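A.B. asks: Once you have looked at the hints, place chain B on chain H.
Just so you know, the sequences run in chain order H and B.
Just so you know, we're using the numbering used here here: the first sequence kicks off at 1 and counts up by one.
Just so you know, we're using the numbering used here here: the second sequence kicks off at 1001 and counts up by one.
Worth flagging that the hints you see were computed from the coordinates, not collected in a lab.
Be careful, since some hints might not be right.
The calculated lysine-lysine pairs, modelled on DSS-like cross-linking and capped at a C-alpha distance of 30 Å, are [stated by the list, open to error]: (1) K1037(B) with K328(H); (2) K360(H) with K1035(B); (3) K1328(B) with K35(H); (4) K1313(B) with K231(H); (5) K1328(B) with K230(H); (6) K310(H) with K1231(B); (7) K35(H) with K1360(B); (8) K1328(B) with K231(H); (9) K230(H) with K176(H); (10) K1048(B) with K1037(B); (11) K331(H) with K1037(B); (12) K231(H) with K1310(B); (13) K331(H) with K1035(B).
Looking from chain H toward chain B, a few residues come up when the C-beta cut is under 8 Å (computed) [what the hints assert, rightly or not]: (14) L8; (15) T10; (16) P13; (17) H31.
Every value quoted in this text rests on a predicted model; they were computed, and no experiment measured them.
No residue lacks a Cβ here, since even glycine has one placed at the ideal position from N, Cα and C.
Number of protein chains: 2
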Amino acid sequence: MKREWDLLHTPGPTPVPPSVERAMSQPMIGHRGQKCKDLMLDLAPRLKPVFGTSGEVLVVTGSGTSALEAAVVNTTNPGDEVIVVVAGAFGDRFAQICETYELNVHRIDVEWGRAVDVEQVETFLKTYPDSKAVFLTHSETSTGVMHPIEAIAERVREISNALVIADGVSSMGGAKVDMDGSGIDIVVSGSQKAMMLPPGLAFVAVSERAWEVIDQNERPRFYLDLRVYKKQLANGQTPFTPALSLLFGLDEVLRLMEEEGFENVFERHQLMKDMTRAACRALNLPLLVSDEDASSTVTSIRPQTFDAEKLRKIANEEFGLILAGGQKHMKGEIFRIGHMGYVRPANVFQYISILEVILKRLGHEFEPGAGTAAAQEAYLEGTRGE
Amino acid sequence: MKREWDLLHTPGPTPVPPSVERAMSQPMIGHRGQKCKDLMLDLAPRLKPVFGTSGEVLVVTGSGTSALEAAVVNTTNPGDEVIVVVAGAFGDRFAQICETYELNVHRIDVEWGRAVDVEQVETFLKTYPDSKAVFLTHSETSTGVMHPIEAIAERVREISNALVIADGVSSMGGAKVDMDGSGIDIVVSGSQKAMMLPPGLAFVAVSERAWEVIDQNERPRFYLDLRVYKKQLANGQTPFTPALSLLFGLDEVLRLMEEEGFENVFERHQLMKDMTRAACRALNLPLLVSDEDASSTVTSIRPQTFDAEKLRKIANEEFGLILAGGQKHMKGEIFRIGHMGYVRPANVFQYISILEVILKRLGHEFEPGAGTAAAQEAYLEGTRGE
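Bound-form chain H, shown alone (with noise of 0.2 Å):
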């Protein structure tokens, strides 16, 4: 079973604060009461700044994919047209979504690894100018690229009134998000990655613009009905019973991204993947993402001269180090390292330590220390000034 000393490095679940956990063994309290209603309404306001945005951040009880489903299910009805971004697991599964419930679905495939193109957004828009929505991931946690979601927002603004929407899942908490700024509709998110908590919580932030489909969209829900999260939201109140205890934890949350101050943590992220990849460039671990698209929470490594899927046993059996292997087609050709959330450099230094002491093991060439030394002076050139 899981041992106390597990260094968890998977890209979520992610390690939760201590005093998140303490936040979170707290006795019980009824969920239409007075002290659960204050604290929705203390922490309704202070996820904005997580996404950027003025408007209403919702909480839904229920995994990531709850969030991906409830931004499918408000805002489209059957046979709609929509174009979805595939470049990885996670924009397939909000495809699947999509078809599940009879949309019109035109994949954007890009390949895996790569981030997509804003012309190749605006080719399709122009394409299937019909469409309702433009689906796509932030940060495609099973290769670790992150799509300039922004940028592709304010060129579909410019070219049409398909609403824009992310599946922000791995990034928010952990990646800068200018939602009002750039014109994105709709972000969901979930608790357990650069959020810091347990899995259980996810989040679903929502424009002006996405609330007039919305509260006009006829497809039937219940559970995932956005209108009544936000009905309820201006009283304090959940529409189903919420998972208390995450709430409790997300209330330290906030707390600890407030008193790092939330420009230091997306910071903090952009230097651990910095130190991440300058470390792997030193120890010959080819990268699967380019620089310009690499995720600020996720690195992939593709190695070449040994097994991924060895090097993941060993750094669990004899390190505790839990990393992540390739999903689908990219099982056991990459493996992934999460750094975000409650992860620091300090964490970093560690990690890429143990994985030199691995890559021995397996025989793959390196200067001894390379790539600690390539971590260090990445982070002393992305603190300094401080």
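C.D. replies: Coordinates of chain B only, in the frame set by chain H:
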């Protein structure tokens, strides 16, 4: 905000045992790793005695309502005729979900505070012989009524092929049900009532007969598609990221129940119901529900000589005793006491005694100490011979 010393006696959420709090406060694990698989495969069979079934009990991350919705969307198609027993707020919710999903709903409206008769269900089934399912609530949390779902299922089985689908949110873990023996097809529940956990997990127990319907049902569903939960559970997996800390807690909850013995758990709930009702009678507090129809997990009182809301306010402010009010048209009419899950007879003694103090303040007439004496007598009666 909340106080550490609150005495939470709402009919859910309910107090979480300290060992369960500790079990939940463990480091996150990867939900696709061996540790999570081991945990899921360990939990799956241990949930079955709670539901009295040898079939699968699926675990969904969501509120209880998500499981109600899962029961509807997996078994029905638009236009289907269904029968829904509505005897309170949660029966009404089942009907609302059915209506949202465009079913042809035949409501059996029962006076709030009474259980449905087996004969009423039989009459409806004979009037609407094409009905695909009978939806009903086991413990109707809003009134404290427990419907005779086993007897109803047996009668339905004799005269119809309709599925019998029960909301066991506030009963599972607090009342014995023989799902297999009585022919109930689906029972759904939630984590935050007699299951002693924070909210965030929902359970769906499914019979073989129900799977035949579910597997062939073509209604679009994604997050709540039970087929996928079943398929993945066979490999110790969940289709979407599960609320891991709640799964850690569930492991400890089941250990506590196994240690006590399921029969003893169910009998303890009966005992607490009897103690509470005996005390109310001795205190001249009118019970909403008859002995025959009373739920083992929640007791409703309809005071005549004082304001229910005033009693709740004093209980909260002076003693930290949190009781529930009435719902919908019973708001202000009744108050409700939850006695389930981690609640023990000692807690019943405590709240009865507190109620006596408050009743004195409110000028309600009763023989001093009569409630406590009656609860004690019921306790001794119920535990005689042990």
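A.B. asks: Take the hints in turn and mark each one as holding or not.
C.D. replies: Comparing the hints with the structure gives:
Pair hint K1037(B) plus K328(H) holds up; C-alpha atoms about 19 Å apart against a cutoff of 30 Å. For the given pair, K360(H) sits about 27 Å from K1035(B) by alpha-carbon distance, which is consistent with the 30 Å threshold. Distance restraint check for K1328(B) and K35(H): the Cα-Cα separation of roughly 21 Å lies within the 30 Å cut-off, and the hinted pair is therefore satisfied. This hinted pair checks out: K1313(B) and K231(H) have alpha carbons roughly 26 Å apart, not beyond 30 Å.
In summary, the hint linking K1328(B) to K230(H) is supported, as the alpha carbons are separated by about 20 Å, within the 30 Å threshold. Using a Cα cut-off of 30 Å, the hinted pair K310(H) and K1231(B) holds, with the two alpha carbons roughly 28 Å apart. Taken as a hint, the K35(H) and K1360(B) pair is honoured in the structure, with Cα atoms around 27 Å apart against an allowance of 30 Å. Between K1328(B) and K231(H) the CA atoms are separated by roughly 17 Å; this keeps the pair inside 30 Å, and the hint holds.
For the suggested pair K230(H) and K176(H), the alpha carbons sit about 24 Å apart, so the restraint of at most 30 Å is met. At roughly 18 Å between alpha-carbon atoms, K1048(B) and K1037(B) fall within 30 Å of each other, so this suggested pair holds. At most 30 Å may separate the alpha-carbon atoms for a hinted pair to count; K331(H) and K1037(B) meet this at roughly 18 Å. Taken as a hint, the K231(H) and K1310(B) pair is honoured in the structure, with Cα atoms around 28 Å apart against an allowance of 30 Å.
At roughly 19 Å between alpha-carbon atoms, K331(H) and K1035(B) fall within 30 Å of each other, so this suggested pair holds. Given hint, L8(H) at the interface with chain B, holds; its Cβ is 6 Å from that chain's nearest Cβ, closer than 8 Å. A least Cβ separation of about 4 Å between T10(H) and chain B falls short of the 8 Å threshold, and the interface hint therefore holds. Interface hint at P13(H): satisfied, since its Cβ lies 4 Å from the closest Cβ of chain B, which is below the 8 Å cut-off.
Interface restraint check for H31(H): the shortest CB-CB distance to chain B comes to about 6 Å, inside 8 Å, so the restraint holds.
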